[in-house]
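Here the protein sequences come in this chain order: A and B. Here the numbering used here is used: the first residue of the first sequence is -16, the next is one more, and so on. Here the numbering used here is used: the first residue of the second sequence is 17, the next is one more, and so on.
Just so you know, these hints were derived from the structure itself, not from any lab. Just so you know, not all the hints are guaranteed correct.
Stated by the list, open to error - Each pair of labels, with its calculated beta carbon distance range:
{"no.": "1", "chain 1": "A", "residue 1": "LEU318", "chain 2": "B", "residue 2": "ASP51", "range": "19 to 29 Å"}
{"no.": "2", "chain 1": "A", "residue 1": "ASP281", "chain 2": "B", "residue 2": "GLU31", "range": "23 to 33 Å"}
{"no.": "3", "chain 1": "A", "residue 1": "LEU314", "chain 2": "B", "residue 2": "SER49", "range": "39 to 49 Å"}
{"no.": "4", "chain 1": "B", "residue 1": "GLU31", "chain 2": "A", "residue 2": "THR219", "range": "18 to 28 Å"}
{"no.": "5", "chain 1": "A", "residue 1": "ALA108", "chain 2": "B", "residue 2": "SER49", "range": "57 to 67 Å"}
{"no.": "6", "chain 1": "B", "residue 1": "GLN21", "chain 2": "A", "residue 2": "GLY183", "range": "29 to 39 Å"}
{"no.": "7", "chain 1": "B", "residue 1": "GLY87", "chain 2": "A", "residue 2": "GLY13", "range": "37 to 47 Å"}
{"no.": "8", "chain 1": "A", "residue 1": "GLU100", "chain 2": "B", "residue 2": "GLN21", "range": "48 to 58 Å"}
{"no.": "9", "chain 1": "A", "residue 1": "GLU100", "chain 2": "B", "residue 2": "GLU31", "range": "20 to 30 Å"}
{"no.": "10", "chain 1": "A", "residue 1": "ASP44", "chain 2": "B", "residue 2": "GLY87", "range": "29 to 39 Å"}
Backbone N, C-alpha and C fix where the C-beta goes; we use that ideal spot for every residue, glycine too.
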Amino acid sequence: MSSIAKANLPEYSVSELSQALKRTVEDAYGLVRVRGELSGFKRATSGHLYLALKDADALMDGVMWKGQAARLRFVPEDGLEVIATGRLTTYPGRSKYQIVIEAMEPAGAGALMALLEERKRKLLAEGLFDANRKRALPHLPEVIGIVTSPTGAVIRDILHRLADRFPRHVLVWPVLVQGDGAAAQIAQAIDGFNALDPDGPIPRPDVLIVARGGGSIEDLWAFNEEIVVRAAASSTIPLISAVGHETDTTLIDFASDLRAPTPTAAAEFAVPVRAELRESVADLGRRLELATQRLAKDRRTSLDALTRNWPLAERLLEVPRQRLDLAADRLPRALSGLVRLGEARLARTAGRLSPQNLQARLAEGHRRQNDLGRRLKPAAARLITDKKNALQAVGRLMDSLSYRSVLSRGFALVRDDAGRPVMKAADTRASARIQIEWLDGSQQAVISPEAAPKKRKEPTNPDQPRLID
Amino acid sequence: MTDKQIDPAKLSFEEALAELEQIVQKLESGKASLDDSIDLYARGSLLKAHCDAKLKSAQARIEKLVIGPDGVPSGVDAQAFAQG
């Protein structure tokens, strides 16, 4: 820069320059649409929203004042791609600039669908869409509550179809079905119908229809809002949702008890066809009459059939009477026969009772006694003989074991004159008489006087017992 | 027919219709005794009359609720709501 150029340049104060810059920015970008990803989103207690919009290479601070923020149709969150409409301004005190957002919407259907999916997952996880929460619709509701716009084709279609099928008491709760505050009104209407006192001045509906005609996903967005979905899920009055066309699905359809493809279909689900019902009641009435009449007629026919073949009393008695006669005829004979039978048995028994019988048994006793007597003597004699023989046998055995068996082998027994065996020479005296016994006999002998015992002197032991005494 | 002698007037249309159907089927089967069939017929007639009354009571009555500033319906506005 040259010094001349320097001299020609006006000199700003910081404030002047900042203000000039502010004017330039605000004039040039008084209304812009900018697309970017939400970042650092924060909702201040004051209700203002602070956020930043960014893309891959740049970031811009933004603010959305409370008044505008209330009109948002979605809940901003970080990472959501949005299109913000607003104006740029600077903040001279900090050398900063930012966008003041007037309106903001998710960028494109893709972003909205992603938001929808995310919310659906969350509510599903909470169990708001569980099948066991679904209530059955009443067959014939007395009062039908309709939550929809009071103007337009939707309410007309529903009322027409109800009138065609079954005119009912209809309560319409008028609501906005799109735009600012629509979701809050719809939720309040569902809650309000549920809160009605059944005995109050306004009758509590038996079924609810929440309806809206077709539109873009943004138009139908109120029916995706959590507040509406929660109200529908917690409704104790069975609720039919009919939002958009058949191909549109909003989150209220998952929470409702029945999803109707169109508002007209909702009316068809809500009430049966009266003419058909009248016909079926009339048919039941006819069948009731006919069945009752036929039942009575059938009973009459059965009764007639039975009585036609009714046996006469006389004939009924014929067979029993005949049996009685037969029995009466047989009775005396039977009696006398029985007596004869008894007599015969008595005779048989008496015959067996005669004294001959007893005498025969007595004779038999005598005979047995004699017989036994005869058998007694020989038996006793035989017994004695047997015992004798046995004794002799024992005697022989004893002999065989006695001293005589020794004699048979050539020995002789010497006895003294008293008959006692003489066992030792010392026991003999001179001139003593002895007796010698051989096997076949004995001889008297005398011991010679000079043959006195002297060979050996054996002390006699007076204690020693004698072998043979 | 002693097990459910509920006053037909207290039955919903659907309940009354269901019971009427049962009675007709029972009579048509021919299995009911003569005494029972008389009771059944009487009961069936009452139920049919009740169903007829419910069907005859059908009148279109369309009301638009007037929502107060507190969000609670404060009344109905029958005139303001033009049908069709």
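Checked hints:
The supplied range of 19 to 29 Å is broken by LEU318 (chain A) and ASP51 (chain B), whose beta-carbon atoms lie about 54 Å from each other. Between ASP281 (chain A) and GLU31 (chain B) the beta carbon distance is about 30 Å. The supplied range of 23 to 33 Å therefore holds. Distance hint for LEU314 (chain A) and SER49 (chain B): a CB-CB separation of about 48 Å, consistent with the stated range 39 to 49 Å. For GLU31 (chain B) and THR219 (chain A), the Cβ-Cβ distance of about 20 Å falls inside the hinted range of 18 to 28 Å, so the restraint holds.
At about 58 Å, the CB distance of ALA108 (chain A) to SER49 (chain B) agrees with the hint of 57 to 67 Å. Take GLN21 (chain B) and GLY183 (chain A): their Cβ atoms lie about 32 Å apart, and the range 29 to 39 Å holds. Judged by the Cβ atoms, the range 37 to 47 Å given for GLY87 (chain B) and GLY13 (chain A) holds: they are separated by roughly 38 Å. For the pair GLU100 (chain A) and GLN21 (chain B), the supplied restraint of 48 to 58 Å holds, since their beta-carbon distance comes to about 55 Å.
Distance hint for GLU100 (chain A) and GLU31 (chain B): a CB-CB separation of about 43 Å, inconsistent with the stated range 20 to 30 Å. In this structure the hint that ASP44 (chain A) and GLY87 (chain B) lie 29 to 39 Å apart at CB holds, the actual value being about 37 Å.
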